[in-house]
Amino acid sequence: MNSPSPTGNPEPEPAGIEADHPRLVALLMDGDSGAAMVAARRLRTATEAGPIRVVEALEAAMELMSNKCTSEQFNLLEIMLTGRAAMAVARDTFPEGTAPSTKGTVVIATPEGDVHDLGKNITRMVLSAKGFRVVDCGKDCPVAVMVKAVAREEAFALLVSGLISPVVPLVRQLRPRLRESGLAAVRLVAGGAALKQCTAEALNVDHVASDAFDCARYLEAAKEGRP
Amino acid sequence: MNGLERILATVRFQVPDQVPVIPQVFGHAAVARGVPLERYLTDPAELARCQLAAREDYGSDAVFALLDVNVETEALGSSLQYRKEGYPTVAQFILERPSDLSELRIPDPRRAGRMPVALEAARLLRREVRDRTLVAGCVLGPMTLACQLLGAEKALFASVDEPQAFERMLDFAVDLALSFGGAQLEAGAHLCVVFDPSASPAVVPPGFFRELLAPRLRRLCAGLKGMGALAAWLHIAGPVEPILPLYPACGVDIANLDYCVDPGRARAAVPGLCLEGNIRPLAFVDSEPRVIAQACARVLDVARPGGFILSSGCEIPLEARLDCVRALSAAVRDQGRP
Numbered sequence: 008m009n010s011p012s013p014t015g016n017p018e019p020e021p022a023g024i025e026a027d028h029p030r031l032v033a034l035l036m037d038g039d040s041g042a043a044m045v046a047a048r049r050l051r052t053a054t055e056a057g058p059i060r061v062v063e064a065l066e067a068a069m070e071l072m073s074n075k076c077t078s079e080q081f082n083l084l085e086i087m088l089t090g091r092a093a094m095a096v097a098r099d100t101f102p103e104g105t106a107p108s109t110k111g112t113v114v115i116a117t118p119e120g121d122v123h124d125l126g127k128n129i130t131r132m133v134l135s136a137k138g139f140r141v142v143d144c145g146k147d148c149p150v151a152v153m154v155k156a157v158a159r160e161e162a163f164a165l166l167v168s169g170l171i172s173p174v175v176p177l178v179r180q181l182r183p184r185l186r187e188s189g190l191a192a193v194r195l196v197a198g199g200a201a202l203k204q205c206t207a208e209a210l211n212v213d214h215v216a217s218d219a220f221d222c223a224r225y226l227e228a229a230k231e232g233r234p
Numbered sequence: 070m071n072g073l074e075r076i077l078a079t080v081r082f083q084v085p086d087q088v089p090v091i092p093q094v095f096g097h098a099a100v101a102r103g104v105p106l107e108r109y110l111t112d113p114a115e116l117a118r119c120q121l122a123a124r125e126d127y128g129s130d131a132v133f134a135l136l137d138v139n140v141e142t143e144a145l146g147s148s149l150q151y152r153k154e155g156y157p158t159v160a161q162f163i164l165e166r167p168s169d170l171s172e173l174r175i176p177d178p179r180r181a182g183r184m185p186v187a188l189e190a191a192r193l194l195r196r197e198v199r200d201r202t203l204v205a206g207c208v209l210g211p212m213t214l215a216c217q218l219l220g221a222e223k224a225l226f227a228s229v230d231e232p233q234a235f236e237r238m239l240d241f242a243v244d245l246a247l248s249f250g251g252a253q254l255e256a257g258a259h260l261c262v263v264f265d266p267s268a269s270p271a272v273v274p275p276g277f278f279r280e281l282l283a284p285r286l287r288r289l290c291a292g293l294k295g296m297g298a299l300a301a302w303l304h305i306a307g308p309v310e311p312i313l314p315l316y317p318a319c320g321v322d323i324a325n326l327d328y329c330v331d332p333g334r335a336r337a338a339v340p341g342l343c344l345e346g347n348i349r350p351l352a353f354v355d356s357e358p359r360v361i362a363q364a365c366a367r368v369l370d371v372a373r374p375g376g377f378i379l380s381s382g383c384e385i386p387l388e389a390r391l392d393c394v395r396a397l398s399a400a401v402r403d404q405g406r407p
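Protein chains in written order, with the working numbering: chain C, 8 to 234; chain H, 70 to 407.
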């Protein structure tokens, strides 16, 4: 579909450009960062609505990857490659500080005692590509640092990723610590191999995400006020 | 039957006197006895004492001369950060780039890092249990060692960006596993668990496993068995169903099943392969013995035809409840006999 022109009518795209959108989506899905950046530059300079078409392509690629996840055919490597390509295109299209974070700010961290941050990094890539502003507190992160970051950044959600079981008690502390800081309304999402074995109730969080895309779907619903 | 006979009969699809039980108790053996984890991971006599105590307490058919997943990378020069309440972690990976591999040599397992601790632990355990209980050593599989040399994120990107250098890393990993595994077998281990969680379909696509990892696992399993391993035990966590059918051609005899895999479907996929699993690991922390018993009953239903070892889906967490771990062997006594 063509993007509307400033007059509200669909703006005709130059010959060949209409193929660039699906081409960019395909390149993102292939994880081909270099070729995706070339296609994105071509797309964004072709029309006034070019940058919007690039964002649409990023979202389309993430949607396809998300569908793939739910059909149980996903793996970290493919998500990482698509995520890396999407981040490269996003950085190229929107240089530092100009990216439209349309979906709000979230804080993400791997709790203290756990240094396995691959899952967190993938979630960060996916959420960034889907339009969230993601503040990354890193790995081995104390609870106090996460809570401070949520307050400072005015985040609407705190996401924690844990691979090993000793982080479970720390995750359970998050809700009361947020409440003490006047942040009771902040959504809490847990994920990662160890935390996925628990229920949301057992962890005292709002949602246990099965993967990065499930996390994104939950956050999108939360932003829209859905339960 | 003793534990070793029971396991071997099960692997060969003969009828054991009862389903073998192997709680995957590693560092938990120390924590449960109030022994500092760092001492357990650096003192072979302490490791052996804790493993033998765990065997008595939990009625296990195996003991593990197994430290942690950092032994190989530490022996090659990665620096570790030891922690009071958990396993050590890599502070600095030995490789910056895959091409730096040319500077590495296979370490001497009798001298490098904590490899001698693992060898001595195997020797002490075997001396104690002789052939009554299985003594399991451990080597990292090629994908996991590649991740432990570079860091997981870099290693995964390297598999696409620098495929030739990455494949050299995989080959190096197999050479190292054969060297370290051979030394463990010589020291007394009956077999070495090939621990390769990064080869999981949750991490890399099944096609990646088939093309890059299966041939190397085949070389590793054949090599270990050629050096006297009684069986090849492949431990890959996560949703392994898509790659299970490739295991027999890799020479695998025992396949670990994580809690997320349906044992019945796994059995149907590989009817001639001994399966081991698959109680949810965190259930040993946040559950009750009766819930473990119920979970075991469901698994043992699948185990009836044989070729099944009752176990946890992955390592039993350090902080597991002792009564929950004991529930595994109780389940076998109650329900695991022909």
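Treat the hints loosely; a few may be bogus.
Said to hold, decoys possible - Here are the simulated distance ranges between beta carbons:
hint: 1; chain 1: C; residue 1: R179; chain 2: H; residue 2: Q233; range: 45 to 53 Å
hint: 2; chain 1: H; residue 1: M296; chain 2: C; residue 2: D99; range: 32 to 40 Å
hint: 3; chain 1: H; residue 1: P317; chain 2: C; residue 2: Q180; range: 26 to 34 Å
hint: 4; chain 1: H; residue 1: R279; chain 2: C; residue 2: D99; range: 32 to 40 Å
hint: 5; chain 1: C; residue 1: R179; chain 2: H; residue 2: E357; range: 12 to 20 Å
hint: 6; chain 1: H; residue 1: V229; chain 2: C; residue 2: A26; range: 20 to 28 Å
Claimed, not checked - Going by beta-carbon spacing under 7 Å, a handful of chain C positions derived as facing chain H:
hint: 7; residue: H28
hint: 8; residue: P29
hint: 9; residue: V122
hint: 10; residue: V152
hint: 11; residue: L170
hint: 12; residue: L177
hint: 13; residue: A207
hint: 14; residue: N211
Stated by the list, open to error - Covered by chain C, per the in silico footprint, the following chain H stretches (three or more residues, Cβ under 8 Å):
hint: 15; stretch: 114-123
hint: 16; stretch: 279-291
None of these hints come from the bench; they were simulated from the model.
Virtual Cβ for every residue (Gly too), placed ideally from N, Cα, C.
Going down the list of hints, with the structure as the test:
1. R179/C with Q233/H: 45 to 53 Å: Holds: the Cβ-Cβ distance is about 47 Å, inside 45 to 53 Å.
2. M296/H with D99/C: 32 to 40 Å: Check failed, 52 Å falls outside 32 to 40 Å.
3. P317/H with Q180/C: 26 to 34 Å: 47 Å Cβ-Cβ, so the 26 to 34 Å window is violated.
4. R279/H with D99/C: 32 to 40 Å: 35 Å, holds
5. R179/C with E357/H: 12 to 20 Å: The hinted range 12 to 20 Å holds for R179/C and E357/H, with Cβ atoms some 19 Å apart.
6. V229/H with A26/C: 20 to 28 Å: Check passed, 25 Å falls within 20 to 28 Å.
7. H28: H28/C check fails; min Cβ-Cβ to chain H is 24 Å, beyond 7 Å.
8. P29: Hint on P29/C: violated, closest Cβ of chain H at ~23 Å, above 7 Å.
9. V122: Holds, about 4 Å.
10. V152: 18 Å, violated
11. L170: 10 Å, violated
12. L177: Given a least distance of 12 Å, the restraint on L177/C is violated.
13. A207: Nearest chain H Cβ about 13 Å off; hint violated.
14. N211: 13 Å, violated
15. 114-123: With 0 residues close enough to chain C, the hint is violated.
16. 279-291: violated (count 0)
Comparing the model with each numbered hint stated earlier shows that hints 2, 3, 7, 8, 10, 11, 12, 13, 14, 15, 16 do not hold.
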